[in-house]
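Taking the hints into account, I'd like the entire structure generated from these sequences.
2 protein chains.
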Amino acid sequence: MITRAECESLDDKDPLRAFRDEFRLPPGVVYLLGNSLGALPKRTPERVAHTVETEWGRDLTASWNKAGWWDLPQTTGDRIAPLIGAGPGQVIAGDSTSVNIFKAVSAALPLRPGRRVIVSDLDNFSTDRYVVEGIAKTMGYEVREIGWGEGAPGLDEALGDDVACVLLSHVDYRTGARHDMASVTARVHAAGAIMIWDLCHSAGAMPVDVGEADFAVGCTYKYLNGGPGAPAYLYVAPRHQEVVQNAICGWHGHAAPFAFEPYYRPAAGVRRFATGSPPVLAYAALNASLDIWERVDLERLREKSLALTSLFIELVDELAPASRSGLTLVTPRDPERRGSQVSYRHPEGYPIVRALADRGVIADYREPELVRFGFAALYLRHVDVYDAATALAEVIESEPWRDERYRQRLTVT
Amino acid sequence: MITRAECESLDDKDPLRAFRDEFRLPPGVVYLLGNSLGALPKRTPERVAHTVETEWGRDLTASWNKAGWWDLPQTTGDRIAPLIGAGPGQVIAGDSTSVNIFKAVSAALPLRPGRRVIVSDLDNFSTDRYVVEGIAKTMGYEVREIGWGEGAPGLDEALGDDVACVLLSHVDYRTGARHDMASVTARVHAAGAIMIWDLCHSAGAMPVDVGEADFAVGCTYKYLNGGPGAPAYLYVAPRHQEVVQNAICGWHGHAAPFAFEPYYRPAAGVRRFATGSPPVLAYAALNASLDIWERVDLERLREKSLALTSLFIELVDELAPASRSGLTLVTPRDPERRGSQVSYRHPEGYPIVRALADRGVIADYREPELVRFGFAALYLRHVDVYDAATALAEVIESEPWRDERYRQRLTVT
Numbered sequence: 001m002i003t004r005a006e007c008e009s010l011d012d013k014d015p016l017r018a019f020r021d022e023f024r025l026p027p028g029v030v031y032l033l034g035n036s037l038g039a040l041p042k043r044t045p046e047r048v049a050h051t052v053e054t055e056w057g058r059d060l061t062a063s064w065n066k067a068g069w070w071d072l073p074q075t076t077g078d079r080i081a082p083l084i085g086a087g088p089g090q091v092i093a094g095d096s097t098s099v100n101i102f103k104a105v106s107a108a109l110p111l112r113p114g115r116r117v118i119v120s121d122l123d124n125f126s127t128d129r130y131v132v133e134g135i136a137k138t139m140g141y142e143v144r145e146i147g148w149g150e151g152a153p154g155l156d157e158a159l160g161d162d163v164a165c166v167l168l169s170h171v172d173y174r175t176g177a178r179h180d181m182a183s184v185t186a187r188v189h190a191a192g193a194i195m196i197w198d199l200c201h202s203a204g205a206m207p208v209d210v211g212e213a214d215f216a217v218g219c220t221y222k223y224l225n226g227g228p229g230a231p232a233y234l235y236v237a238p239r240h241q242e243v244v245q246n247a248i249c250g251w252h253g254h255a256a257p258f259a260f261e262p263y264y265r266p267a268a269g270v271r272r273f274a275t276g277s278p279p280v281l282a283y284a285a286l287n288a289s290l291d292i293w294e295r296v297d298l299e300r301l302r303e304k305s306l307a308l309t310s311l312f313i314e315l316v317d318e319l320a321p322a323s324r325s326g327l328t329l330v331t332p333r334d335p336e337r338r339g340s341q342v343s344y345r346h347p348e349g350y351p352i353v354r355a356l357a358d359r360g361v362i363a364d365y366r367e368p369e370l371v372r373f374g375f376a377a378l379y380l381r382h383v384d385v386y387d388a389a390t391a392l393a394e395v396i397e398s399e400p401w402r403d404e405r406y407r408q409r410l411t412v413t
Numbered sequence: 001m002i003t004r005a006e007c008e009s010l011d012d013k014d015p016l017r018a019f020r021d022e023f024r025l026p027p028g029v030v031y032l033l034g035n036s037l038g039a040l041p042k043r044t045p046e047r048v049a050h051t052v053e054t055e056w057g058r059d060l061t062a063s064w065n066k067a068g069w070w071d072l073p074q075t076t077g078d079r080i081a082p083l084i085g086a087g088p089g090q091v092i093a094g095d096s097t098s099v100n101i102f103k104a105v106s107a108a109l110p111l112r113p114g115r116r117v118i119v120s121d122l123d124n125f126s127t128d129r130y131v132v133e134g135i136a137k138t139m140g141y142e143v144r145e146i147g148w149g150e151g152a153p154g155l156d157e158a159l160g161d162d163v164a165c166v167l168l169s170h171v172d173y174r175t176g177a178r179h180d181m182a183s184v185t186a187r188v189h190a191a192g193a194i195m196i197w198d199l200c201h202s203a204g205a206m207p208v209d210v211g212e213a214d215f216a217v218g219c220t221y222k223y224l225n226g227g228p229g230a231p232a233y234l235y236v237a238p239r240h241q242e243v244v245q246n247a248i249c250g251w252h253g254h255a256a257p258f259a260f261e262p263y264y265r266p267a268a269g270v271r272r273f274a275t276g277s278p279p280v281l282a283y284a285a286l287n288a289s290l291d292i293w294e295r296v297d298l299e300r301l302r303e304k305s306l307a308l309t310s311l312f313i314e315l316v317d318e319l320a321p322a323s324r325s326g327l328t329l330v331t332p333r334d335p336e337r338r339g340s341q342v343s344y345r346h347p348e349g350y351p352i353v354r355a356l357a358d359r360g361v362i363a364d365y366r367e368p369e370l371v372r373f374g375f376a377a378l379y380l381r382h383v384d385v386y387d388a389a390t391a392l393a394e395v396i397e398s399e400p401w402r403d404e405r406y407r408q409r410l411t412v413t
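Chains as they are written, first to last, in the working numbering: chain Y, 1 to 413; chain X, 1 to 413.
To be clear, the hints were calculated from the coordinates, so they are not data collected in a lab. Just so you know, nobody snuck in bad clues.
In silico EDC-like links for lysine to aspartate or glutamate, alpha-carbon gap of 16 Å or less:
(1) Y:Lys66 / X:Asp358
(2) Y:Lys42 / X:Asp59
(3) X:Lys42 / X:Glu22
(4) Y:Lys42 / X:Glu53
(5) X:Lys13 / X:Glu303
So, in structure tokens, the structure goes:
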């Protein structure tokens with residue numbers, strides 16, 4: 001088995017190691033939830049303070065022009081674009097992921113008149129499912145569900161000439177399993193449907209290429225470290241931009257917002273998907289983080305991410321083998337099919353997560369019975385992986401489920 | 001005419017004068033756009049820094065429970081409620097005003113099945129009009145327009161048994177004219193329709209009482225000083241809460257969000273109108289401001305607001321009478337019918353606003369030909385009003401429209 005010293009040596013040779021210094025990480029903590037809420041970049045507090053004290057406090061309304069507040073959805077979107085294989089003018093930042101899913105799906109459906117089915121993933125993150133369910137009910141569509149599991153109906157069975165659009169997550173939030181985007185998009189297009197990707201669990205963890213996809217949405221508070229509830233984003237393929245409609249026709253998406261025209265006339269390009277006033281402080285934090293992302297080599301990031309997740313799987317195999325620990329790996333062993341997280345099923349998953357937190361190893365729990373470990377390769381080290389795997393083995397041996405403290409469910413798990 | 005010394009004396013006797021010290025106002029500036037972007041409360045930077053550095057940077061995901069992030073839409077909504085005459089559990093904070101208008105109107109329409117008309121105000125703020133227009137197109141409704149102007153179709157003519165809902169602004173964003181909320185709501189209800197109020201230009205400027213209204217929306221970045229793009233809010237009358245649907249069915253509005261159930265089941269009460277992850281930094285700024293609002297006597301605020309706007313009208317009457325200045329007052333002279341702003345029409349409105357800014361008097365321009373002066377009574381003084389009126393008279397005499405610099409339009413006017 002690999003030693004901790006060998007992990008230290010791998011860290012010394014890590015070409016991305018300098019990035020860790022750009023983040024504030026609480027001392028004594030191994031933070032494995034960068035897939036849920038990214039760590040704080042060291043320069044973010046200063047950037048946010050500048051926006052609060054100078055842009056807002058001193059310059060007040062002049063900042064709409066002077067500090068570029070009005071254009072934040074587009075300028076920020078243009079900075080996110082390279083992270084998902086998109087170009088300038090193709091991405092707009094704003095609202096929450098849920099609102100952007102709503103915008104994307106409602107814009108996609110009219111592109112395929114006569115087709116009345118939306119294909120959704122049984123295992124997709126709940127908001128993706130709920131938003132689609134809501135649109136289907138209101139607009140008179142049928143939802144056809146597919147799954148990843150054995151026996152679940154697959155994508156190809158679901159695709160027919162009645163399918164208007166397909167919404168899938170690139171990486172599954174529970175298992176960390178990863179779709180081959182290009183191949184899925186091609187199959188969906190071959191069936192004449194519109195492809196919408198949710199990139200929440202992949203953008204910032206690996207190179208992503210929207211390729212031929214029609215729409216994509218994602219958040220920026222996970223791997224992209226934009227801060228809690230940071231603005232989400234929406235990609236719209238250039239070929240659709242001048243024909244699609246934003247269902248929520250706010251004035252920020254108008255062609256001439258300061259003409260205060262009586263009727264709606266959509267702005268050119270992706271700007272029509274803007275709606276209301278942008279939460280400027282949230283954009284400040286996100287842009288501080290994007291200053292880091294401009295310098296990240298995503299191929300190297302992916303290599304390190306796979307090295308970390310593979311190392312974790314190997315260590316847990318040795319230190320807490322399934323036969324003894326009760327841990328069942330649900331993440332694909334094949335690195336190509338994996339995102340940047342590792343998840344185990346365990347009947348006592350919840351108390352395990354709570355006991356790990358007491359030892360400074362921060363993971364989370366997802367129904368049903370899943371313990372999730374996220375690996376943000378930008379600031380995690382091989383020694384962190386070593387320490388986490390060791391802690392997991394120790395925690396399971398301590399049988400934390402016997403401790404009432406660890407069984408109590410918090411509001412947010 | 002009143003003297004500047006007399007204004008100073010009025011300020012000395014102002015029972016609200018201490019509030020000015022709670023705001024950072026740029027020196028040498030008379031800021032008359034608190035109706036557009038409220039000034040920065042002095043304690044906001046510290047509060048935001050705490051959320052960034054401690055809640056996010058140190059406590060990371062633990063803050064969803066520990067710092068109450070999960071409940072921010074409701075806890076913040078409960079703090080806004082007293083400012084609009086609502087009770088706990090009736091207001092939810094989040095998203096933009098535009099998104100909340102979308103939610104309110106789409107929730108209102110199914111409450112009146114068979115009725116296919118939405119009554120909208122010709123002079124309403126553009127986003128209110130556009131969002132209604134978009135919903136009408138998508139959902140197959142007709143928009144019936146009313147106006148404030150002479151000859152425009154009035155509310156009573158528009159109301160019929162085909163009207164599902166009415167969306168109006170309490171205070172007009174251009175003229176500052178104010179509706180009598182109780183009377184309008186009663187007339188709309190008598191016609192069997194749902195009443196939705198937009199409170200953007202009244203909440204925080206005067207006591208507001210949603211009364212019998214069905215829904216209300218508003219922003220918090222104007223009079224409420226929540227910061228640029230701060231979370232908006234939505235009021236839902238308790239009698240509707242268990243029957244209405246949120247059109248954007250995000251997981252934050254689910255009854256059991258951490259059960260990750262496959263299908264949508266709305267949360268009890270107003271929480272069902274939550275959608276995606278709340279922009280936590282923006283809520284921090286807003287809550288710092290709400291700490292001030294807890295201590296404001298809204299009746300006194302209204303008295304002072306009317307004193308300031310009346311004083312401004314009187315001074316401009318004397319210093320820059322219509323006959324000489326070309327300024328036409330479009331705000332009602334009757335204080336009862338007025339919000340907290342004063343607007344004048346002038347064919348050279350835009351260069352006037354730019355020249356005023358050069359003299360440290362910050363107002364804004366709105367099509368067509370309107371110069372708007374907002375009076376945030378929490379931090380403005382009588383001497384500010386005096387200085388603004390004097391500056392306006394001087395600026396007009398200087399004929400700023402002859403100066404090319406002042407004619408150039410900025411992106412955001």
